[in-house]
Amino acid sequence: MNLRAFILTMPLTAVLFTVSTGRAETVDRIAVSVGTQVITENSVVMDVRVSAFLERVPVIIDATTKRKAADRLVDQVLILREAGESHLVLPTTDHAVAILEQVKAPYGAAYQAEMTRCGVSEGDVIAQLLAGLKESTFTDLRFRPAVQVTESEMREYYDGLKARQPGVDAPDFESSRTQIEALLTGQRVLEALDEWLKTARTAARPNYRERVFQ
Amino acid sequence: MGQTITRIDFSPADQPLPREELDRLLPMHPGDTVTAGGVREAIEKLYLTGRFADVAVEAEPAAGGVILIFNTEPTYFISRVSIRGENEPPNRNQLTTASQLDLGMPFREDAVEAAMARMQERLKANGLFQTTIRYHVDLVDSTEEASIYFDLDAGTRAKFDDIQMMGEFVQSKDSLVKKTGWRRGLRYVPLPGWKQVTDNRIQSGLENLRRALQKDDRLQARVTLDDLGYDAATNRITPQLTISSGPVIEVRATGGKVSQGRLRQLIPVFQERTVDRGLLLEGEANLIDYFRSQGYFDTTVKHVQTQPAPDRTLIEYQIERGEQHKLRGISIAGNTYFDNATLRERMYIQPATLLRFRSGRYSPRLLEQDLETIRALYRSNGFRKVEVTSKVVENPLRHTDITVNIQIVEGPQWIVGSLELAGGSREDLRYLRSILRSTEGQPFSEANIAADRDTILAYFYNNGYPDAGFNWTQSDGADEGTVDVAYSLQTGAQQYIRGVLVRGLETTDPALVLDRIRLRDGDALSQSQIGESQQRLYDLGIFARVQTAVQNPEGEEESKYVLFYADEARKYSFNFGIGAQLARIGGGGNTLNSPAGSTTFAPRVSLGLSRINFMGLGHTISLQTLASTQQRRALLNYLAPQFKGHEGLALSVSALFNDSRDVRTFAARRWEGSVQLSRRFSKANTGQFRFTFRRVTLDESTLNISRELVPLLSQPVRVGLVGGTFFRDRRDDPVDSKRGTYNSVDLALASKAFGSQTSFSRMVLRNSTYHPFRRELVLARSVQFGYIQRLGGLAQIPLAERFFAGGASSQRAFPDNQAGPRDLRSGFPVGGTALFFHSTELRFPLIGDNLGGVLFHDMGNVYSDISNLSFRVRQRNLQDFDYMVHGAGMGVRYRTPVGPIRIDLSYGANSPRFFGFNGTLTELLAIPPGTPLCQEASAQCTNQRISRFQFHFSLGQTF
Numbered sequence: 001m002n003l004r005a006f007i008l009t010m011p012l013t014a015v016l017f018t019v020s021t022g023r024a025e026t027v028d029r030i031a032v033s034v035g036t037q038v039i040t041e042n043s044v045v046m047d048v049r050v051s052a053f054l055e056r057v058p059v060i061i062d063a064t065t066k067r068k069a070a071d072r073l074v075d076q077v078l079i080l081r082e083a084g085e086s087h088l089v090l091p092t093t094d095h096a097v098a099i100l101e102q103v104k105a106p107y108g109a110a111y112q113a114e115m116t117r118c119g120v121s122e123g124d125v126i127a128q129l130l131a132g133l134k135e136s137t138f139t140d141l142r143f144r145p146a147v148q149v150t151e152s153e154m155r156e157y158y159d160g161l162k163a164r165q166p167g168v169d170a171p172d173f174e175s176s177r178t179q180i181e182a183l184l185t186g187q188r189v190l191e192a193l194d195e196w197l198k199t200a201r202t203a204a205r206p207n208y209r210e211r212v213f214q
Numbered sequence: 001m002g003q004t005i006t007r008i009d010f011s012p013a014d015q016p017l018p019r020e021e022l023d024r025l026l027p028m029h030p031g032d033t034v035t036a037g038g039v040r041e042a043i044e045k046l047y048l049t050g051r052f053a054d055v056a057v058e059a060e061p062a063a064g065g066v067i068l069i070f071n072t073e074p075t076y077f078i079s080r081v082s083i084r085g086e087n088e089p090p091n092r093n094q095l096t097t098a099s100q101l102d103l104g105m106p107f108r109e110d111a112v113e114a115a116m117a118r119m120q121e122r123l124k125a126n127g128l129f130q131t132t133i134r135y136h137v138d139l140v141d142s143t144e145e146a147s148i149y150f151d152l153d154a155g156t157r158a159k160f161d162d163i164q165m166m167g168e169f170v171q172s173k174d175s176l177v178k179k180t181g182w183r184r185g186l187r188y189v190p191l192p193g194w195k196q197v198t199d200n201r202i203q204s205g206l207e208n209l210r211r212a213l214q215k216d217d218r219l220q221a222r223v224t225l226d227d228l229g230y231d232a233a234t235n236r237i238t239p240q241l242t243i244s245s246g247p248v249i250e251v252r253a254t255g256g257k258v259s260q261g262r263l264r265q266l267i268p269v270f271q272e273r274t275v276d277r278g279l280l281l282e283g284e285a286n287l288i289d290y291f292r293s294q295g296y297f298d299t300t301v302k303h304v305q306t307q308p309a310p311d312r313t314l315i316e317y318q319i320e321r322g323e324q325h326k327l328r329g330i331s332i333a334g335n336t337y338f339d340n341a342t343l344r345e346r347m348y349i350q351p352a353t354l355l356r357f358r359s360g361r362y363s364p365r366l367l368e369q370d371l372e373t374i375r376a377l378y379r380s381n382g383f384r385k386v387e388v389t390s391k392v393v394e395n396p397l398r399h400t401d402i403t404v405n406i407q408i409v410e411g412p413q414w415i416v417g418s419l420e421l422a423g424g425s426r427e428d429l430r431y432l433r434s435i436l437r438s439t440e441g442q443p444f445s446e447a448n449i450a451a452d453r454d455t456i457l458a459y460f461y462n463n464g465y466p467d468a469g470f471n472w473t474q475s476d477g478a479d480e481g482t483v484d485v486a487y488s489l490q491t492g493a494q495q496y497i498r499g500v501l502v503r504g505l506e507t508t509d510p511a512l513v514l515d516r517i518r519l520r521d522g523d524a525l526s527q528s529q530i531g532e533s534q535q536r537l538y539d540l541g542i543f544a545r546v547q548t549a550v551q552n553p554e555g556e557e558e559s560k561y562v563l564f565y566a567d568e569a570r571k572y573s574f575n576f577g578i579g580a581q582l583a584r585i586g587g588g589g590n591t592l593n594s595p596a597g598s599t600t601f602a603p604r605v606s607l608g609l610s611r612i613n614f615m616g617l618g619h620t621i622s623l624q625t626l627a628s629t630q631q632r633r634a635l636l637n638y639l640a641p642q643f644k645g646h647e648g649l650a651l652s653v654s655a656l657f658n659d660s661r662d663v664r665t666f667a668a669r670r671w672e673g674s675v676q677l678s679r680r681f682s683k684a685n686t687g688q689f690r691f692t693f694r695r696v697t698l699d700e701s702t703l704n705i706s707r708e709l710v711p712l713l714s715q716p717v718r719v720g721l722v723g724g725t726f727f728r729d730r731r732d733d734p735v736d737s738k739r740g741t742y743n744s745v746d747l748a749l750a751s752k753a754f755g756s757q758t759s760f761s762r763m764v765l766r767n768s769t770y771h772p773f774r775r776e777l778v779l780a781r782s783v784q785f786g787y788i789q790r791l792g793g794l795a796q797i798p799l800a801e802r803f804f805a806g807g808a809s810s811q812r813a814f815p816d817n818q819a820g821p822r823d824l825r826s827g828f829p830v831g832g833t834a835l836f837f838h839s840t841e842l843r844f845p846l847i848g849d850n851l852g853g854v855l856f857h858d859m860g861n862v863y864s865d866i867s868n869l870s871f872r873v874r875q876r877n878l879q880d881f882d883y884m885v886h887g888a889g890m891g892v893r894y895r896t897p898v899g900p901i902r903i904d905l906s907y908g909a910n911s912p913r914f915f916g917f918n919g920t921l922t923e924l925l926a927i928p929p930g931t932p933l934c935q936e937a938s939a940q941c942t943n944q945r946i947s948r949f950q951f952h953f954s955l956g957q958t959f
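Residue numbers (the working numbering), protein chains in the order written: chain A, 1 to 214; chain B, 1 to 959.
Hints were generated in silico from the structure; no laboratory data involved.
Honestly, I wouldn't trust all of these hints.
[As the list claims (entries may be wrong)] Distance ranges between label pairs, derived from CB positions:
1) 308(B) / 162(A): 36 to 44 Å
2) 634(B) / 203(A): 54 to 62 Å
3) 726(B) / 36(A): 51 to 59 Å
4) 634(B) / 205(A): 52 to 60 Å
5) 340(B) / 202(A): 55 to 63 Å
6) 471(B) / 202(A): 32 to 40 Å
For every residue, glycine included, the Cβ atom is placed at its ideal position computed from N, Cα and C.
Chain A extracted, bound-state conformation (with noise of 0.2 Å):
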């Protein structure tokens, strides 16, 4: 048996074990439904331990932190339903095998062991990163095009910061122009999804099992 199944069949493992003694357990039940699509306790508790792995942080199940949880999944399911629904062109698993690479370079030989910590596979780190990943492509492709900043914004930009740093010997305007504007596209850029979301989920209207968040 490898780790993925190993790790994937720990928890199913804990509860049959526990029905053994006699008692039916629950095996897994919706949290949050988004229209006809449904996000499981399972997905939520997964994507907290796959988010504490990638953070380096304990690992800890409580209703707080499957709440939040829950909200990044089901941003992801109106995302993903967006870009579905807009054809574009989203990245595949191997972008997110690339990218792994760059994720396990700072555990070092502590990779598995922290995966061990966390009762995450590897499958399950790469599939959080592609849907990141797709989370990213969607949001460049359909608000970075629309975002423009202006000279007078990146300058008036440019003199905040230096007018915060009073003392700072800072480059010239002219050499700190593509940093400023890519920053401020950034902003923005994110500034039109975060109002894309609220919208999203004012239309598709969420239902919060609130029992799995108890």
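With chain A held as given, fit chain B onto it using these hints.
What follows is chain B alone, placed relative to chain A:
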């Protein structure tokens, strides 16, 4: 993991889907191993059906493995949103819309809470801040319906209290407050206190304020409502407004004459109430187009924006018109596939005409539009490389006259070499192939492909495939100039009707409704059939609104309920009218001195009451009454539309009382009952079959003039009549026909067998044809022939049964109903037993798009007998009325949404002369009873003539 599923159970045992379907849906079965992915997939699949609100999976130990238990909660769909206790405004529909609880959607408790919040917002916008809303939901397990009932306690509507105005404005606050209309008052008379709050009142108040501020060219004046300023203690609001008057903006045009009204139409700054470069440039383009359409084809316009004072902006459009041109002609060359007429009828530019387009209709933009239209036409017929160019040529002798030469290079026509269809059943494909445009040998174009896509998708949607998809590819065909086309159809899963639910009926017989819904359990879910059923329900005329919904439209379950929610309309309707008739009436009660007719004024009052959906059967019973100085009338009617469930069949039973002072049924009192069955055989063909029984009597008490005036009326008459009418209407537009035909045959028989005092037969035939030619001209003609044959009984055909004609809709050389034989002593028309009319009209556009003209010729008359029907044009003597009267003239037509307003002026060269009474009513009454009237010529009895000039004003074309 590793545990084997020994059994799968569902809890509760009674599930919304059959066990077989549940087993089919689940990706796991007894004997399989439990996996997290499998469990998740099972939950997803079950939820996707739309029949479950919640799913949780439990595992329970069992010998040899585990039992998986799917705990489910069924979902309910919204089948009713009922609101009670509302205090309009907002009305029930507005609140329902605000709730956003759509019929058919899955029911969620939290959605109801959100709906109440939205309804509260709507209520507050209408001053109902104290409204409390309670709700309860009835869940019906058998049909999975959720009926949501809202009970409102509206409370007291808030009133305005004051207005807080901030910002800069030049008018006084008092004058602005007055403009809002929020204070109480009777137009110009202010009353103490403030009005109640409604959303409409708030919006109209703000708009009035805006308009007031925008006077004096302050186009950018703004008024924003920052807050309603509600005070719960007093239940009053003090709206807080921010006002900005903005600068004075003066728009001026120089160098060309443009009225201020036209300028307001052409310069979008006035409509948008803002000034920016885009709008100013749009104004330039509009002015250029306007002057070019006037023949100033070289017009240039530029705008200059200045600020002569800090609070003032001047926008000046400087126009250089150049010389006025005329578009003398349009020539088209190089076209072989389409003829010139086909191309010209699609073009907007127009050569100069005498009246309508004095300079022609032309501008470079219009020309380019027309060229693109021609290109699109060719491309849609397979000419993918068509080239259409134009050249504007000046006349060398008169350079202001121009001609547009259009050159077309058609290129090869691409043909579909082969069409491959994939996806769908063999029967579907066979049928689709028979209705598609891009089949072998047909022109290839993307427009045709798009039309095919719509056809295919509509076909599948209407056969229960809501997720149907379409893709197409093309490749070079085997032969040169051919394209092979391949359509790939993705049908998706077919959906069926689980059941039809009808809700909302209160008094209507459910059988009446169900009979109109032609959907059956197990049928494919067809949107078009749902729409047709909905239309049939509307056709009953008893529902204010019929909503249709499919249970959980986004769900993927195989079969779904179809819901029809019918809101019954108000049962009673009442109408009251007061008015007057101003018409040229032949010898009305007030115009006894004018047997040839004169203008008569008759005030009138009408009153009507109708009760729809009588006994819940969809029938209507109505009473309509009318009283005027000319007439008293009451009509009681019972109408059964779609009689016995037959769509095109209607039964009506009516009773009429009519006391008319019109001289031709002089002081006649008519009691009439009729039964009519009408049947629409097809779109063009309609038949009516009727039995009528009437009794026309003379009201002695009202007979205040000599009986001898109309001797034929001295006998009461009872008539029983069986008849029928057949219409064949193939006109393009019944109100303003331009092409087609109209035929009608009306036959009737009065006989003792039907209770008639006298026996006769009657026939009226009509044939009208309409021929368009030369693009905008219409030649219309109509012939009408009628004949009454006495079969027995009374010696004469009763006056009320005779033909009376002449006037705006038959023979315009006569006033209304003045054609035909006349009483030889009084001179009043007495009707005839035969009629023949023929009218010819040339209809043409006159000025602009709405004003048209007509040249017409009418011929014909009402004859004393068919044996006297004559085409003779000369009147032999004052007793001869059996000759053909000709009238010719012209008219104008002004197009309106309800049909053209018509004015006709006719000249009848051979209008009839006659001898008759020409005195006043007093003089007539002074003649002792029994004294023969006008036996000899006197000052009161003279030779007269129907005026040669007749003027008619009415609505709708003549025929």
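Quick rundown of the hints versus the structure:
For the pair residue 308(B) and residue 162(A), the beta carbons lie near 42 Å from each other, so the given range of 36 to 44 Å is met. In this structure, residue 634(B) and residue 203(A) meet the distance hint of 54 to 62 Å, their C-beta atoms being roughly 57 Å apart. At roughly 55 Å, the beta-carbon separation of residue 726(B) and residue 36(A) lies within the given 51 to 59 Å, and the hint holds. In this structure the supplied range 52 to 60 Å holds for residue 634(B) paired with residue 205(A), their Cβ-Cβ distance being about 58 Å.
Take residue 340(B) and residue 202(A): their Cβ atoms lie about 57 Å apart, and the range 55 to 63 Å holds. At roughly 33 Å, the beta-carbon separation of residue 471(B) and residue 202(A) lies within the given 32 to 40 Å, and the hint holds.
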